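Asks: Below are the chains, spelled out letter by letter.
There are 4 protein chains.
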Amino acid sequence: MGELNIGLIGAGLIGRTHSIAYRMVKGFFTEKTKEVSLKVLAEENEEAARNGAANLGFDEWTADYRELLARKDIRLVIVAVPNYKHKEIVLEAIKHGKHVLCEKPLAMNAPDAKQIFDAAEKAGITHGIGFNYRKAPAVLLIKRWVDNGMFGDIVSYRSSFIQDWGIDENGPLSWRFQKKLAGSGSLGDLGSHAIDMARFLIGEVSEVVGTVSTHVHKRPISTGGLGHKQDTGTAEYGKVDVDDICDVLMEFENGAQGGMVSSRLAPGRKNHFEFEVYGTKAGVFFDWERPNEVLFSSVDMPGDQSGFNRILVGGFQHPYGENLWPIPGMGIGFAEPFAVQLFEMIDAVLNERKASPGFYDGWKVNQVLDAIESSVKKRAWCKV
Amino acid sequence: MGELNIGLIGAGLIGRTHSIAYRMVKGFFTEKTKEVSLKVLAEENEEAARNGAANLGFDEWTADYRELLARKDIRLVIVAVPNYKHKEIVLEAIKHGKHVLCEKPLAMNAPDAKQIFDAAEKAGITHGIGFNYRKAPAVLLIKRWVDNGMFGDIVSYRSSFIQDWGIDENGPLSWRFQKKLAGSGSLGDLGSHAIDMARFLIGEVSEVVGTVSTHVHKRPISTGGLGHKQDTGTAEYGKVDVDDICDVLMEFENGAQGGMVSSRLAPGRKNHFEFEVYGTKAGVFFDWERPNEVLFSSVDMPGDQSGFNRILVGGFQHPYGENLWPIPGMGIGFAEPFAVQLFEMIDAVLNERKASPGFYDGWKVNQVLDAIESSVKKRAWCKV
Amino acid sequence: MGELNIGLIGAGLIGRTHSIAYRMVKGFFTEKTKEVSLKVLAEENEEAARNGAANLGFDEWTADYRELLARKDIRLVIVAVPNYKHKEIVLEAIKHGKHVLCEKPLAMNAPDAKQIFDAAEKAGITHGIGFNYRKAPAVLLIKRWVDNGMFGDIVSYRSSFIQDWGIDENGPLSWRFQKKLAGSGSLGDLGSHAIDMARFLIGEVSEVVGTVSTHVHKRPISTGGLGHKQDTGTAEYGKVDVDDICDVLMEFENGAQGGMVSSRLAPGRKNHFEFEVYGTKAGVFFDWERPNEVLFSSVDMPGDQSGFNRILVGGFQHPYGENLWPIPGMGIGFAEPFAVQLFEMIDAVLNERKASPGFYDGWKVNQVLDAIESSVKKRAWCKV
Amino acid sequence: MGELNIGLIGAGLIGRTHSIAYRMVKGFFTEKTKEVSLKVLAEENEEAARNGAANLGFDEWTADYRELLARKDIRLVIVAVPNYKHKEIVLEAIKHGKHVLCEKPLAMNAPDAKQIFDAAEKAGITHGIGFNYRKAPAVLLIKRWVDNGMFGDIVSYRSSFIQDWGIDENGPLSWRFQKKLAGSGSLGDLGSHAIDMARFLIGEVSEVVGTVSTHVHKRPISTGGLGHKQDTGTAEYGKVDVDDICDVLMEFENGAQGGMVSSRLAPGRKNHFEFEVYGTKAGVFFDWERPNEVLFSSVDMPGDQSGFNRILVGGFQHPYGENLWPIPGMGIGFAEPFAVQLFEMIDAVLNERKASPGFYDGWKVNQVLDAIESSVKKRAWCKV
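Protein chains in written order, with the numbering used here: chain H, 1 to 384; chain Z, 1 to 384; chain B, 1 to 384; chain R, 1 to 384.
No wet-lab data here; the hints were simulated from the structure. Some hints here could point you the wrong way.
Identical copies look the same in the list; a pair holds intra-copy or inter-copy alike.
Quick list of in silico lysine-lysine cross-link-like pairs, DSBU-like style, CA-CA up to 35 Å [claimed, not checked]: (1) K72 - K383; (2) K114 - K32; (3) K378 - K114; (4) K72 - K95; (5) K180 - K39; (6) K378 - K32; (7) K39 - K72; (8) K281 - K218; (9) K143 - K383; (10) K39 - K218; (11) K377 - K143; (12) K281 - K239; (13) K179 - K281; (14) K180 - K218; (15) K143 - K218; (16) K32 - K383; (17) K218 - K87; (18) K239 - K39; (19) K383 - K179.
Remember, predicted model here, so these are calculated numbers, not experimental data.
Chain H extracted, bound-state conformation:
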């Protein structure tokens, strides 16, 4: 236990989600986070910062993130800004000795990520990275079973994170469609979650080969925010120079194999993050569009009952069941994994422990992303 003031940098969709997660942390982990508060918001210009503070409920705000980082009363910083700014901000935060929870992907490439990781380790700060889906109770349950050996030797991992909002050609040219701001397209945005999940559940990826395509080549230049929403009144178009779709094969150090798909051009798919894992003893399927459900099959089931068991998470037998909702199937939403993630980060800071996933994981995911991009350019398998 202890006092802990948090600063948030970025008031976009994900910044807002962190601010909501903070409130749920206070509801779900009340006693342990009594003296924790989310104190200051930084957003890029004065108007945006002022509006952001109003929208997200901050009393204090600044248009200069350096000001936030310079404050002595802030111990933990959440960085929720476009990818290209991560490095500058996180390094500065580390310089001030702040603990940092940074959004994914950690950096625009693996060397930058390594630099950030090294700086963090050297400074001895606690660092975390926003792979929120890891913290879904369903995923934590699967991880528990993986660790308990319930899957035997894992042989396959496949994942698909696909959405459809990119199909609209009049959707604005947000930072997410620009290589210099985002690094990559669906790959870094969605695929990074699928890669992190692979590492979390299976282990290190050894080699990859991928292929990408872009089908919407230009989009109206947006004067608005970072979000998905379309604004109007502009006739000018800018170039999309990132992938809409990415398909990847993966091989793992432990001998498992599989793949990963990311796409913004999948009509009908809204926030479809599914994965399946098969081992010599069991199989599992998860889809975030049904966040309460783990579909599990074990070779130990009676022969006439072999199938996929649909388990509703919740209750004291499941991870965080007591903290979140004590009855299975009450219902996990988008905020809960963010709340678990933030709680674990806070808990790590207060107890001077490492957080997981941390910048090491961010770096490893960036390595895989880089290897995928290399493999696309070279049309060849690339070692991670």
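Given chain H's structure and the hints, the job is docking chains Z, B and R onto it.
Replies: Same frame as chain H, now just chains Z, B and R:
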């Protein structure tokens, strides 16, 4: 906008949920609830009150709800205690001119509910009742379509709210299993939601006939709390005098017909609240175990495409999409409908409007519950 | 084994299905049915009979079913004609000592059904009734588990057989919409399956209460066949005097309770026959729209794995797995249960055994149907 | 119309399925196949042939397929034997001027397949290949929509055909686990279906890269048949030299991209053949484990109704709806696509037309299989 202090009476599972919902209100409806605060907790004895305050994050607490109600600085009271205490507490709250959000069912019977409703109306307070499932975005979307005439004339409503925790014979004899404390068993606990949903979507119920059964006739006497969890160390058993299972036929004033099922003895069902509505132009299916999904079918679909469309709620085209999660399928959990419910209550109080559902709805549901119980006793159809 | 010639009376949708089932019997149960053949078709007038023979592949046909029944070389007769003709034809068949497989419901009312049953018993023929869904491998698996005690004491049965083709007001006034030809509407047509399934899995129904409604009161008079398809060119309308929708509560002799729904006015539902059974040890859900899947939950599942297991039928561990498809999930269609039904009938005839379900079951279902109709008229619970 | 005698070579699982399909052809397409008969069975040794004839219902049988091919009264031959025998038998059949329906994959490699295709074309016979899943009504519906332009430009295809029977290490070393008999493992067995489906729906595959693994390296030497079933009493083990699992990336000539997975080591998956297709206007998902369902989403859906529509196939608005089952959702099983396939083959022979898919398609699939195997060996993308 304006200042509004809230008092919470009851620190059980649902009291806790309201306290979490309060935090989400601050996250989802930030600007409009700036000056709102959840201030005091009342729980029955000192130890429970002190523990509750710690668990739920209250600075102020009392073991005497009358003390809470007597405070001038409290304008809105949330009542989340066992059913048999609703009447006494709510009437007292009304006497003090408090606005009240009371848990369901409103009272132990319809005459009591009417008395509460009349008192509330006479006092001119804003009153709401905790039929939280009404406030799920998926349900609000269905309601919008019902009101828009997309279903044509509604001909059928069927609902099932079934769970399995009662199957454990060693589960403690909580208040939920005692007629004098709960009024009825699965009927009032779960069935009241199915009845409220019927009234919300279809209209007034005119006649009912039901049948009930109890299969676990005695349970260990619990010395613990209100929850579902079993405690040990007692060899004494007490009598269960409420229904485990209730099946009901319903007829509606507008000519629709259908039914309702509630059960605590349905192995495998955790929090399974499903309903389906059919009209001359469309059909819909919803199940809280998949809270993001509306299954919708319209007779206007092309002939070769007729089927149930699985719509993921979220985003600006759906109710509260902008406030909650701006992308479809991000994920609605248990807290969101409670947050919408509390926000609407707060909004009604601040704007001196009626809330919906209010005590009138609570009374009408109690009437249906009473009619069902009469029909069971008389083995006959009963008018509501 | 032995020789067995079969005659089919009725060349409508279901008659055709029996003729297809016959062919599958020869494919699935080849050796045991070597000397079985489907020999003669009877259909009401010459043209219909000739067309039917061509469509269904018969060399021999007659427009007079008496002719078919008089033939010495026919031992088994399948009766697939509108309900009102069952009695006359089946009694005549019995008179000739034929074994009979009759479509459901057996008769227009329970006394008639009893008369048929008594005549059949007295004559010592083998008699079966076309409750085809009983013979789905998934249902036979559930029945095996019920008989093995895997459900403990059964406490609940609920079923819904709903379709949407009645929603079209221009659908013709086929015999299915006329009381004097069909007996009842959705109740006898669809509900009879749900009632038979209840008896098969749970036991005898003791009391019922139901409510019905008709929303499409007149339909164009059809000059065409028996099917669902609309014909045109008629401006005349006739009265619909049967139920479109029927909701029923049921109590069973063994203490279980539940209900049954039938409807032709459920937009989006095509051939939706679902039921669920709950006992003190297990629960199960089945829906014919997913005919390969049994959803099963047992209280013996590990606590953290409690859920509904989706079991794909097929393979040697499941009923008729070797005969039908030897790998789970290969796929059961509409013909397979009809084929199993016909094979069991043939097998019973060849081995001079009773078939199950037989006319006794047909009579019991008619009793329940009559009780439901009485309960609707009297607005009261009725004993079966 | 016309007379047509068919010979079947192979009495294993799939040979039996063809014999059942033949019977359903007679039931579903009665008039058009009046003079068609399945006349002779060839199976490798006398005992197997005699047993096969009994099991499958043939009067005539031979242990020498050459004898069958030499018969003047046989016009169409179905070849359902292990892959390594296809070439010899099919070439011999062509020599005799027989029309041929051959099981997939057509040959052990693309050059052999080309040789077969060329010989067939030169001889002018009608040739078909057993990609039965193409003929599922659901798939034919999707194909119709693809051809109608409902998907716009197709951008993605992904497929997974996975089973779990290989997980049993005591499963016998059938021909399916031996390279010299099967060519490849899960790839040729299951993957060939996924590749054919890709070509059917999307177009030609241009480049591929794959990775494979084998986890069960030896299996008991079986003295029994070809099937999946385990026999006992042998202590000797033989080497498995084919893939258990194969993951592939695919690029298409029309710019679409995606992938394909095949596996026999996916616990819980029985006969799980799923694919999804996304275009600029629509998306679709199909899974053979739910063979009646097409999940379809169009960008033209109203904004608040965007989702996946679950369409139940059947009825006159869907492919072969009138011939198979005239009401949606009645139920398609494993036999129906085989029956459609055989009917189309018969129809093509009788009308002296080409069948589709034919040996050209078989050859193209073998090319993709070869390219995948090359890509695995070379660890590189390979052109098809």
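Asks: Hint by hint, note whether the structure agrees.
Replies: Taking the hints in turn, this is what the structure says about them:
no., hint, result
1, K72 - K383, "neither (43 Å within a copy, 61 Å between copies)"
2, K114 - K32, "within (32 Å within a copy, 43 Å between copies)"
3, K378 - K114, "both (23 Å within a copy, 32 Å between copies)"
4, K72 - K95, "within (13 Å within a copy, 50 Å between copies)"
5, K180 - K39, "within (31 Å within a copy, 48 Å between copies)"
6, K378 - K32, "neither (51 Å within a copy, 54 Å between copies)"
7, K39 - K72, "both (12 Å within a copy, 30 Å between copies)"
8, K281 - K218, "between (48 Å within a copy, 18 Å between copies)"
9, K143 - K383, "within (26 Å within a copy, 39 Å between copies)"
10, K39 - K218, "neither (40 Å within a copy, 53 Å between copies)"
11, K377 - K143, "both (34 Å within a copy, 34 Å between copies)"
12, K281 - K239, "between (48 Å within a copy, 22 Å between copies)"
13, K179 - K281, "between (42 Å within a copy, 26 Å between copies)"
14, K180 - K218, "within (15 Å within a copy, 52 Å between copies)"
15, K143 - K218, "between (41 Å within a copy, 30 Å between copies)"
16, K32 - K383, "neither (43 Å within a copy, 53 Å between copies)"
17, K218 - K87, "within (28 Å within a copy, 51 Å between copies)"
18, K239 - K39, "neither (38 Å within a copy, 53 Å between copies)"
19, K383 - K179, "both (23 Å within a copy, 29 Å between copies)"
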